[in-house]
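Asker: Going down the list, the sequences are from chains A and B. Per my numbering, the first sequence starts with residue 1, numbered consecutively. Per my numbering, the second sequence starts with residue 1, numbered consecutively.
It should be emphasised that the hints constitute simulated quantities derived from the structure, not laboratory data. Where a beta carbon is used, it is the ideal one built from N, C-alpha and C, also for glycine. Among the clues, some could well be false.
[Claimed, not checked] Label-pair distances were calculated between CB atoms; the ranges are:
#1 Glu351/B with Val69/A: 55 to 61 angstroms
#2 Glu178/B with Glu4/A: 25 to 31 angstroms
#3 Leu173/B with Glu222/A: 48 to 54 angstroms
#4 Asn93/B with Gln262/A: 27 to 33 angstroms
#5 Glu57/A with Gly345/B: 27 to 33 angstroms
#6 Glu178/B with Gln262/A: 43 to 49 angstroms
#7 Val6/A with Lys177/B: 56 to 62 angstroms
#8 Met61/A with Ile352/B: 42 to 48 angstroms
#9 Tyr95/A with Asp334/B: 46 to 52 angstroms
[Said to hold, decoys possible] Below, computed lysine to any residue pairings styled on SDA-like, alpha-carbon distance capped at 25 angstroms:
#10 Lys309/B with Ile98/A
#11 Lys384/B with Ile98/A
#12 Lys89/B with Gly60/A
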Amino acid sequence: MQSELVLQVVVNGILLGGFYALVTLGLNLIFGVMDVTNFAHGDLIMLAAYFSYWAAELLGMDPITFIPVNAALMFLVGLAFYRAALKPVLKAPAYNQIALTFGFSIFLQSLALILWTSDMRQIEVPYASSVLQLGPVSVGLGKLIAFLIAFGFTLGFLVFLSRTKLGGAMRSVSQDPMAASLMGIDVDRIYLLTSGIASLLAGVAGSLVTLNLYINPFIGGELTLKAFGVVILGGMGSYLGMIVASMVLGLAEAFVGAFVPQGGSLAPGIAFAVIVAVLALRPKGLFGR
Amino acid sequence: MDMKVAAAAIVILIVVVAGAYVLMSGQAPSSAGGLPDRIRLGVILPLSTASYASAGQEALRGMKMAVEEINANGGVLGKPVELVIRDTKGDPNTAITGATDLITKEKVPIIIGFYSSTVTYASMNAIKNYKPLVFVLGASSVKVEQLVGMERWFFHMHPWDYHRQGTVIEYFLNHMKEIPKKIFVAYEDGVYGTTSYEYFVNLSRERNAPWEVVGEAFKTGSSDFSSVILKAKQENPDVFYIVGYPGDYPVFFRNAKENDFNPKLIFIVAPEFPNYPKDIGDYVAGVDVWSPYLNTPEAKAFVQKFESKFGRAPEYWAPFGYTAIKMVVKAIEDAKSLDKEKLIGALEKVEIKSPLGTVRFKQTGKTLHQVVDKLFVVQWQGGKVAILYPKEYKTGELIYPVPKWSERG
Numbered sequence: 001m002q003s004e005l006v007l008q009v010v011v012n013g014i015l016l017g018g019f020y021a022l023v024t025l026g027l028n029l030i031f032g033v034m035d036v037t038n039f040a041h042g043d044l045i046m047l048a049a050y051f052s053y054w055a056a057e058l059l060g061m062d063p064i065t066f067i068p069v070n071a072a073l074m075f076l077v078g079l080a081f082y083r084a085a086l087k088p089v090l091k092a093p094a095y096n097q098i099a100l101t102f103g104f105s106i107f108l109q110s111l112a113l114i115l116w117t118s119d120m121r122q123i124e125v126p127y128a129s130s131v132l133q134l135g136p137v138s139v140g141l142g143k144l145i146a147f148l149i150a151f152g153f154t155l156g157f158l159v160f161l162s163r164t165k166l167g168g169a170m171r172s173v174s175q176d177p178m179a180a181s182l183m184g185i186d187v188d189r190i191y192l193l194t195s196g197i198a199s200l201l202a203g204v205a206g207s208l209v210t211l212n213l214y215i216n217p218f219i220g221g222e223l224t225l226k227a228f229g230v231v232i233l234g235g236m237g238s239y240l241g242m243i244v245a246s247m248v249l250g251l252a253e254a255f256v257g258a259f260v261p262q263g264g265s266l267a268p269g270i271a272f273a274v275i276v277a278v279l280a281l282r283p284k285g286l287f288g289r
Numbered sequence: 001m002d003m004k005v006a007a008a009a010i011v012i013l014i015v016v017v018a019g020a021y022v023l024m025s026g027q028a029p030s031s032a033g034g035l036p037d038r039i040r041l042g043v044i045l046p047l048s049t050a051s052y053a054s055a056g057q058e059a060l061r062g063m064k065m066a067v068e069e070i071n072a073n074g075g076v077l078g079k080p081v082e083l084v085i086r087d088t089k090g091d092p093n094t095a096i097t098g099a100t101d102l103i104t105k106e107k108v109p110i111i112i113g114f115y116s117s118t119v120t121y122a123s124m125n126a127i128k129n130y131k132p133l134v135f136v137l138g139a140s141s142v143k144v145e146q147l148v149g150m151e152r153w154f155f156h157m158h159p160w161d162y163h164r165q166g167t168v169i170e171y172f173l174n175h176m177k178e179i180p181k182k183i184f185v186a187y188e189d190g191v192y193g194t195t196s197y198e199y200f201v202n203l204s205r206e207r208n209a210p211w212e213v214v215g216e217a218f219k220t221g222s223s224d225f226s227s228v229i230l231k232a233k234q235e236n237p238d239v240f241y242i243v244g245y246p247g248d249y250p251v252f253f254r255n256a257k258e259n260d261f262n263p264k265l266i267f268i269v270a271p272e273f274p275n276y277p278k279d280i281g282d283y284v285a286g287v288d289v290w291s292p293y294l295n296t297p298e299a300k301a302f303v304q305k306f307e308s309k310f311g312r313a314p315e316y317w318a319p320f321g322y323t324a325i326k327m328v329v330k331a332i333e334d335a336k337s338l339d340k341e342k343l344i345g346a347l348e349k350v351e352i353k354s355p356l357g358t359v360r361f362k363q364t365g366k367t368l369h370q371v372v373d374k375l376f377v378v379q380w381q382g383g384k385v386a387i388l389y390p391k392e393y394k395t396g397e398l399i400y401p402v403p404k405w406s407e408r409g
């Protein structure tokens, strides 16, 4: 029974970690390329979750089939966000950028309150709550789907970054915008696309959130916090670090929760204690630049 | 010349300031009878930016429904009723500013509202020297009760912690066919959850309940509670009792299903909001302060009206807000005055039929004016709610043990 329990906890931790990775991806991208910490990232996910909710309520669309549309919509949101808000503060001191993205986060929450009120919303996806029994381990289908899609998008994004011309340009800009610009790369355009893609990834995460959670205008806060934990632990801007850190966070929460007395309450705190411990030993994070 | 300009400027300044003060003070001009032209009631609720806003908005919906009805019937003492609303944003400091503003500037005869024990505690502590007339809708922590004690200016709607846990224990002990042997309590780690857990343990002991209690705290709002579920599964309890917030429960049910955790009963606080999806929410039982499935004419009429207005069943904060306004307006009518002492006297005697049943203020032994002291035990059965307790409102029998997840359709 004990080994079965450990196995179940490991599976739960990995599923949680996969979701954290997707939530973090867009935040990490904006930070890596533009050097901006986006406090509104969780709220973009919240916005996408509500788009998904609208699609289900008004058009009867399944959250999974709505992903491409949601991603496209959120891509546009990302473009607008860059033009209206990020671009003017790109060269401003970091605290101005923080104030701006923080303000944008509150703006999105207020907007959601007006559009959807503070009532909790849920999309009924019957298959999401069905369960697969894999030997001694049981897995919720909703979580498994969310994990697989998150995994697919994370992997696809990394391939895009390393194998495509646009990905290469993004990496160049992230390393040295001035040199990239001298090489003929349109840095402003790359920034614009980066904001769009980061928001697109938030769109995918937002669609997946609705498979497993009730949504309200304030769910973004916890997601942003978790994503920050992952980014800091993995090393700002590092994608390998991000994946490892997501798994560490997911597994740490699952194990502390299941095996430490009062762990359900301690788990989120202990996960952050792990972060503090890692940073004390490696201030740049596990894979920091 | 300069002196004249300065003097004129000062006169203009005084006129402007005085004018602004009169306008800002918001007092309706009095009519000849001593009563103002409008009866202005102070309302203070979390309406934005905090996770409590959903409760605050719901209470306000109920209040506005009551005001509409009252004004459609000619108001009170021939005057229309008006709500002067302040938003606490779920923040103690904003609540204190709002409440002080209602007392000192708006000079409303009574303030109705407040939600969350933390915000209410801070507010009562800050405004108690004014001895304002307040009718608190929310706040169940006895810390608030201890703070206000036997103050005559304090009126309270929501049951206190011990009312809720007392009802749960009474139900488990005397109304179930088989008394549970082991109860696993998962409670959120804030004031509400921990106090509830302490009451559950202490009242169980006081009443010589035969069950074993195992407790585990959790962080509210988490996206996954599998670890708590796995722990509970190891304990194999008869009843899995969760004390959390509405957003937590569906996550718990889903995690329970995923981890194939099958206690004989899952029991929660306030199971009737929101409407849980049938595939995971069915068979869930719990303790609630009100039910939209109550079979009384007042409750049915209220639910019907609310549904036609908002397209869904009301959550319990709506009838709370509605009933509070109705009680206050009836007291004003009886007192024929907005004088504080007369109003307190009238409130102490007021008794009306409401969606909550027949309501009046009772002493609890620790405070003077309490409305709700009995709760309901209900269970979702086939997408509807059956009321199991108290006897006079009973509409169904508890399904126990509930089918395993794998046996459900």
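Asker: For Lys309/B and Ile98/A, compute the direct alpha-carbon distance and say whether it is at most 25 angstroms.
Answerer: violated, 42 angstroms
Asker: Does 27 to 33 angstroms hold as the CB distance between Asn93/B and Gln262/A, or does it fail?
Answerer: Since the Cβ atoms of Asn93/B and Gln262/A sit about 31 angstroms apart, the hinted range of 27 to 33 angstroms holds.
Asker: For a C-alpha distance cap of 25 angstroms, please report whether Lys384/B and Ile98/A respect it.
Answerer: Distance of about 48 angstroms is beyond 25 angstroms: violated.
Asker: Kindly confirm whether 46 to 52 angstroms is satisfied by the beta carbon distance between Tyr95/A and Asp334/B.
Answerer: Because 59 angstroms falls outside the window, the suggested range is violated.
Asker: Per the hint of 42 to 48 angstroms, is the separation of the Cβ atoms of Met61/A and Ile352/B within bounds?
Answerer: This hint holds: roughly 47 angstroms between Cβ atoms.
Asker: Is it true that the C-beta distance of Val6/A to Lys177/B lies inside 56 to 62 angstroms, as the hint says?
Answerer: About 38 angstroms separates the Cβ atoms of Val6/A and Lys177/B, which means 56 to 62 angstroms is violated.
Asker: Between Glu178/B and Gln262/A, does the C-beta distance stay in 43 to 49 angstroms?
Answerer: Since the Cβ atoms of Glu178/B and Gln262/A sit about 30 angstroms apart, the hinted range of 43 to 49 angstroms is violated.
Asker: Is the distance from the Cβ of Glu351/B to the Cβ of Val69/A consistent with 55 to 61 angstroms?
Answerer: holds, 56 angstroms
Asker: Can the suggested window of 25 to 31 angstroms be confirmed for the beta-carbon pair Glu178/B and Glu4/A?
Answerer: At roughly 29 angstroms between Cβ atoms, Glu4/A and Glu178/B fall inside 25 to 31 angstroms, so the hint holds.
Asker: Verify the CB-CB distance for Leu173/B and Glu222/A against the hinted window 48 to 54 angstroms.
Answerer: violated, 38 angstroms
Asker: For the pair supplied as a hint, Lys89/B and Gly60/A, is the alpha-carbon distance within the 25 angstroms limit?
Answerer: violated, 34 angstroms
Asker: Evaluate the given range 27 to 33 angstroms for the C-beta pair formed by Glu57/A and Gly345/B.
Answerer: The hinted range 27 to 33 angstroms is violated for Glu57/A and Gly345/B, with Cβ atoms some 50 angstroms apart.
When each numbered hint is compared with the structure, violations occur for hints 3, 5, 6, 7, 9, 10, 11 and 12.
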